[in-house]
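J.: Quick mapping for you: the protein sequence lines, in order, are chains A and B. Each residue of the first sequence is one higher than the one before, counting from 1 in this note's numbering. Each residue of the second sequence is one higher than the one before, counting from 1 in this note's numbering.
FYI, nobody ran anything at the bench for these hints, they're computed from the structure. Any given hint could be a false lead.
[To be verified] Once the Cα atoms are required to be at most 30 Å apart in a straight line, the calculated DSSO-like pairs of lysine-lysine come out as:
no.: 1; chain 1: A; residue 1: K191; chain 2: B; residue 2: K155
no.: 2; chain 1: A; residue 1: K116; chain 2: A; residue 2: K224
no.: 3; chain 1: A; residue 1: K106; chain 2: A; residue 2: K130
no.: 4; chain 1: A; residue 1: K394; chain 2: A; residue 2: K116
no.: 5; chain 1: B; residue 1: K4; chain 2: A; residue 2: K224
no.: 6; chain 1: A; residue 1: K191; chain 2: A; residue 2: K391
no.: 7; chain 1: A; residue 1: K224; chain 2: A; residue 2: K106
no.: 8; chain 1: B; residue 1: K6; chain 2: A; residue 2: K394
no.: 9; chain 1: A; residue 1: K191; chain 2: A; residue 2: K224
Next come the chains, spelled out residue by residue.
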Amino acid sequence: MHPYGAARPILHKKWTAHSGAPRLLGLPGRDGLIELIGRIRRIGKTVPSTKPTLSRYLFACMTNDQPTPLSPAAIAALRELVGAENVIVGGDELLVYECDAYTIEKQLPHAVVLPKNTAEVAAVVRLCAKWGVPFIPRGAGTSLSGTVLAVTGGVMIALTRMNRVLEVDYRNRRALVEAGCVNAWITQAVKGRGLYYAPDPSSQSACTIGGNVATNSGGPHTLKYGVTTNHVLGFEFVLPDGEVCWLGTRPDGGEEVDGYDLRGVVIGSEGMFGIVTRVLVQLTRAPQSFKTMMGVFESVDAASQTVSDIIAAGIVPGAMEMMDQLITQAVEAAYHFGFPLDAGAVLIIELDGLAAGLERQADRVQEICRQNGAREVRLARTEAERLELWKCRKRAFGAIGRLSPNFLTQDGVVPRSQLPAIMRYIRACSERHGLRIPNVFHAGDGNIHPLILYDEREPDQVRRALLAGHEILEQCIALGGSASGEHGIGVEKIDFMARQFSPDDLAAMRTVRRVFDPAQRCNPHKMFPGSKRCADFAPRKQAAA
Amino acid sequence: MPLKLKPAHRQELAAALAAATARGEAIAEVDVSALNRVIEHQPSDQTVTVEAGLTLGALQELLARHGQWLPVDPAHATRLTLRELIDANLSGPRRCGHGTIRDHVLGLTVALADGTLARSGGRVVKNVAGYDLAKLFIGAAGSLGVVTEVTFKLKPLPQAEEFLAAPGATLEAAAQLLEAVAGSALTPVVLDLHRLDPATPGVTVVAGFAGAREDVAWETARARALGFTAVGDLGHEPAFWSAPGAAHRLSVLPALVAPALRPLGAATFVARAGNGVIYHRGPAAAPAPPAPGPLAVMRRLKAAFDPAGIFPNPLPPPAPGAPPV
């Protein structure tokens, strides 16, 4: 029996196949109607005059009026596998899974399964393979690019109940954890022993290590310490046919692994090659000492030049974070750190390492700041002062609430030497579209996070905000950079792939995708241009096989 | 007669690969020495984009003029092209502090068997757009394509670098010293253990420290107190690799280096004790049978990227009677 139940005619199938619009699952009852109205209002508010239009959406709802859930037999089979309490097929509970932190597009999966161990994950994946149904691995859902959106429904496999730190090998500085383990828990587990897990995305208190592997997560300390791929030694992996294997270094094995670096190519594949179930991470020795400074500059250009000069002096700080005038003003209004309101930019520089050499390096950094016209350089004298400095950086996003009801954040990268150029472009973009765009970003990596402020109650502001975001990312690519430094492509940035890569580049990537997942059922419709139009996955699967 | 290519530029290479694939003709050798341009070096970005026929030695010389380096140090850098470095995933003693080449590659362009040029990654230090295909080609022995261009993330040359040695110790004493280093606050960039003369029973531990002058002074003082009493150097590295005979590789947990060395008897070896990697001469241990799951994926990759089999195949042959992939 087909898991989606008997096939029903869909009057305007072509539209549903080509839109990527949310599709309703089942006939709306009273609750469904309320949800439907809510969805229509959200869509009307967030994407006015862009596709899908309200009328097309309504038309799709009306014409696609037959339920296409998993058949009762299929749901029973999932419940049998993992226990009824670990399968979600409806109600408010299912709504949690309609999107990640990228909320502009939403779609419910047909079912969410919460397995407790690898064997259950593999069994669910095997069932999906048998039925020809898509499956979507999911961690904490903190992705900012729609990486775990169930574009055509399917079975979402959430790893959040597999969240233990299994083993820590202090001598060899390794930890074996389950994929649903929260990033920060690893560091908490080994803190007393002078070790930590280095990649620290801003969402580290919520995001899972499995999700970090999928998106090759970074964080503010990337320049010196690298990203996920530099710290994950190996992992247990469920292939799309349900086979369980280990890729990369084994928990009891050496770092060299024969054959191709499959671990390396799976990291950052956005969950499209299979499901990570256990992860072996390399732990890093915690720095002996820190020197944290804050420089106040007349302009973003002066602060950017300071960043380049510090690097040119052979100093690699643990982090260099920049805040421009708008964000500094917002932080000051909210928290009263004593920032000058007329300063063009504030730069936080943190040196870490052995205590012996840090003093002189800190002197040199302060000297470089002054050479670039810093009107003030503060050095944190105590740990409390250091934490205070970081607080203003980490609270920057929160302070935005005072400036605007909504903001859209982007994740472009430029070569560090192009930071002044991209900041000038963003200022021009801000003026052109009549929207304020404060900036707080990882200056050491050239990874910018412009925060485009808008009010979702003003449809034209939404349109201009989306447009400004697109223009900024295009300019990042034009300056030799990338449309994504750490958030990933997901569904959000699909359009940029063809701008950043040639058809041949993309063809090679698709080749690898088909090797891991010939049926392309694992987290489908992501990454590649044209993906969202692949709603008819079943016929395509056969064509590709 | 086996096909040998010496392309003048990468378009010529791509066309030759497409032709070889069309004819199903295996390629014995690709000489990329003509592809040796420095495409872009932006010192303030700490990145460099170069063609893969350039030698590592020539690249390091260029970078050193700007106080930078590519932090890998395999032997014979002056005659090693970047393509060979990437194909064989080579590393040297400083692997302990700086990792391997996969940690420093930001982007890679590869000429594929079908005659296309595929690029992944980019020129910026942080980038997650697209799959990280570069990883597949590093250490693939040229079996999936020919690396033509690469972008590296660079590091500043350290202000100071110093080596210390604990020579002539027994394996047991050396193992104790390694444990003492592991339990200390030291952050060595080199931690090698070696025996170059089969007639000498003793082994030598070499530790290297690099960074700011004050850091190096602090670390070497600590290391001397632990037992690194002599001045050291990296002379063992070229000596080991210049000696006759094939070297074999073992990879174990860093804590298990000494137990893994014991069965080697009097064989000469160099061990990266911080990484658990041992290179030795003498009889090789029987290779562990590869896990079937990953091997099947690797075989499908090989078939997908090189359907006519024009490149070498480093994967173990299927067992007799096994079904075709």
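J.: Hint by hint, work out which the structure violates, then give me just those numbers in ascending order.
T.: 2, 4, 5, 7, 8
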